[in-house]
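Colleague: The residues making up each chain are set out below.
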Amino acid sequence: MSKKNRYTDEELIHRFQQGDEYAYLELVNRYRDRLMNFAYRFLGNEEDAEDIVQDTFVKLYTHKHFYRSIARFSTWIYTITANLAKTELRKRKRRKVSYLSQMGTEEKDFDLPTEDTTDDYAEGRFTEAQIQDAIQKLPLHFRTAVILRDIQELSYEEISNILDVPLGTVKSRINRARLQLQEELKSVKERRRTSI
Amino acid sequence: MNCYEFQDIISSYIDREFPLAKVKQFDRHYENCPACHDVYERTVSVVNALANSDRIGVSRGFNKRLQARIGRISSRRPNRFGRYFSQGRILGFEPKYAVASVVAVVLIVVLSVGLFPEREGVASVTPIPLSTRQEVPDPAAVPGERNQPLESSTPYLADETKDDSTEAGQKVTKSVRDYQGKIKLVKDRQ
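In the order they appear, the protein sequences are chains A and B. If you read the first sequence in the numbering used here, its first letter stands for residue 1, the second for the next number, and so on. If you read the second sequence in the numbering used here, its first letter stands for residue 1, the second for the next number, and so on.
Any given hint could be a false lead.
[Stated by the list, open to error] Label-pair restraints from in silico Cβ distances:
hint : chain 1 : residue 1 : chain 2 : residue 2 : range
1    : A       : 83        : B       : 37        : 33 to 43 Å
2    : A       : 75        : B       : 60        : 40 to 50 Å
3    : A       : 8         : B       : 63        : 19 to 29 Å
4    : A       : 51        : B       : 111       : 24 to 34 Å
5    : B       : 91        : A       : 75        : 21 to 31 Å
[What the hints assert, rightly or not] Covered stretches of chain B, as calculated for chain A (at least 3 residues, CB under 8 Å):
hint : segment
6    : 5-11
7    : 35-43
8    : 49-59
9    : 89-100
[To be verified] Footprint (simulated), chain B over chain A, 3 or more residues, beta carbon under 8 Å:
hint : segment
10   : 6-18
11   : 25-38
12   : 72-79
13   : 126-140
14   : 177-188
It is worth saying that the hints were derived from the structure and are not from the lab. Note that this is a predicted model, so its numbers are computed, not measured. All C-beta atoms, glycine included, are put in the ideal place defined by N, C-alpha and C.
Start from the sequences and build out the full structure, keeping to the hints where you can.
Modeller: As structure tokens, this is what we get:
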């Protein structure tokens, strides 16, 4: 174990607030992949997700004094990423509206085939693409809750702090998100069955 | 337990955030209701699928790109007022809305000054013409007036309710009135 790993996240951010740039680098190394995974699941696009993670760390650098030790560092940094990702989605929505208005009548949408195999289907497994598609269909607040719980494996309490909603609301959102996901994946299977 | 109640607490059951008192009811419903049984099984498989899904990491050179970006930010001269006019916005508003707000505020101020005349009881800032002013004798012009001994000012503090039927009482009342009059004049002059 390296010397740096002995520090908790909160100690590292404290050291960074005192001017220790190595502490910042250590925080980046600890969180970059976790945040990337979260942002990717949220946005469904690697490039955008990486931009969001970069923005998060830039914000951490420029707003380091905004962190107060009353909250866990992980909660704080996830909140920043979640907010940035939501803003990105809002921007995308606006862009989508303007693209649609520019689209001609001859243009059509094409569904790209998913990469699942019949073996996977027979074993009851879901492919990455199916999972990602199903996640993208969830409403925003359900999506955030279920990603934080089932992919990032955070506790209900941490999620409650990140989303700034009561614990009961978190439980209900996670439950409804999972039920919606299982419905979505069930219908994916049914569609596949009819096409085979 | 009915199907709605069952499906409401599936996640709590999976995550072991479930009251023990309800476990038996949950298990009984699970065994007796095939539809809810299926929903439960599918939900468990979704949770497992999400937990085992691929972990996406940042691409190569992430730290270098980040450091370059931070280097650019650090080298920029700090602008004290930059945050008020960032991203083409003024105090967070789009310029047209910011300008409209300022114009609206100015209009409100101008109209309120024009529409509401000076209220009664509010002191006017216009000086009173000299001709309407009361002539005030200069106390300095009266010899001995200023350097009167302190005892002479005692009547100022005298009780006005004092019986003034006697000669002494009348004298006291008169001097009290005189002093009050002088004080008023000095105040007015100030």
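Colleague: Indicate, hint by hint, whether the structure satisfies it.
Modeller: Each hint, compared with the structure:
1. Restraint check, residue 83 (chain A) to residue 37 (chain B): a C-beta distance of roughly 40 Å satisfies the suggested window 33 to 43 Å.
2. Our hint of 40 to 50 Å for residue 75 (chain A) and residue 60 (chain B) is violated, since their Cβ atoms are close to 29 Å apart.
3. Our hint of 19 to 29 Å for residue 8 (chain A) and residue 63 (chain B) holds, since their Cβ atoms are close to 21 Å apart.
4. The beta-carbon spacing between residue 51 (chain A) and residue 111 (chain B), approximately 48 Å, falls outside the hinted interval of 24 to 34 Å.
5. A beta carbon spacing of about 30 Å between residue 91 (chain B) and residue 75 (chain A) agrees with the range 21 to 31 Å that was offered as a hint.
6. A count of 5 residues in the segment 5-11 of chain B with a Cβ less than 8 Å from any Cβ of chain A is obtained; the coverage claim is therefore met, three being the minimum.
7. For a cut-off of 8 Å, the count of residues in the segment 35-43 of chain B with a CB near a CB of chain A stands at 3, and the three-residue condition holds.
8. Coverage of a stretch by a chain is defined here by at least three residues with a beta carbon nearer than 8 Å to that chain's beta carbons; for the segment 49-59 of chain B and chain A the count is 10, and the condition holds.
9. For the segment 89-100 of chain B, the assignment as covered by chain A is violated, since 0 residues bring a beta-carbon within under 8 Å of that chain's beta-carbons and 3 are needed.
10. For the segment 6-18 of chain A, the assignment as covered by chain B is violated, since 0 residues bring a beta-carbon within under 8 Å of that chain's beta-carbons and 3 are needed.
11. Coverage of the segment 25-38 of chain A by chain B holds in this model, with 7 residues showing a Cβ closer than 8 Å to a Cβ of that chain against a need of three.
12. A count of 0 residues in the segment 72-79 of chain A with a Cβ less than 8 Å from any Cβ of chain B is obtained; the coverage claim is therefore unmet, three being the minimum.
13. Residues of the segment 126-140 of chain A lying with their CB closer than 8 Å to a CB of chain B number 3, which satisfies the three-residue condition for coverage.
14. Check result for the segment 177-188 of chain A against chain B: holds, 6 residues qualifying (beta carbon to beta carbon below 8 Å, three or more required).
In terms of the numbered hints stated before, the structure departs from hints 2, 4, 9, 10 and 12, listed from lowest to highest.
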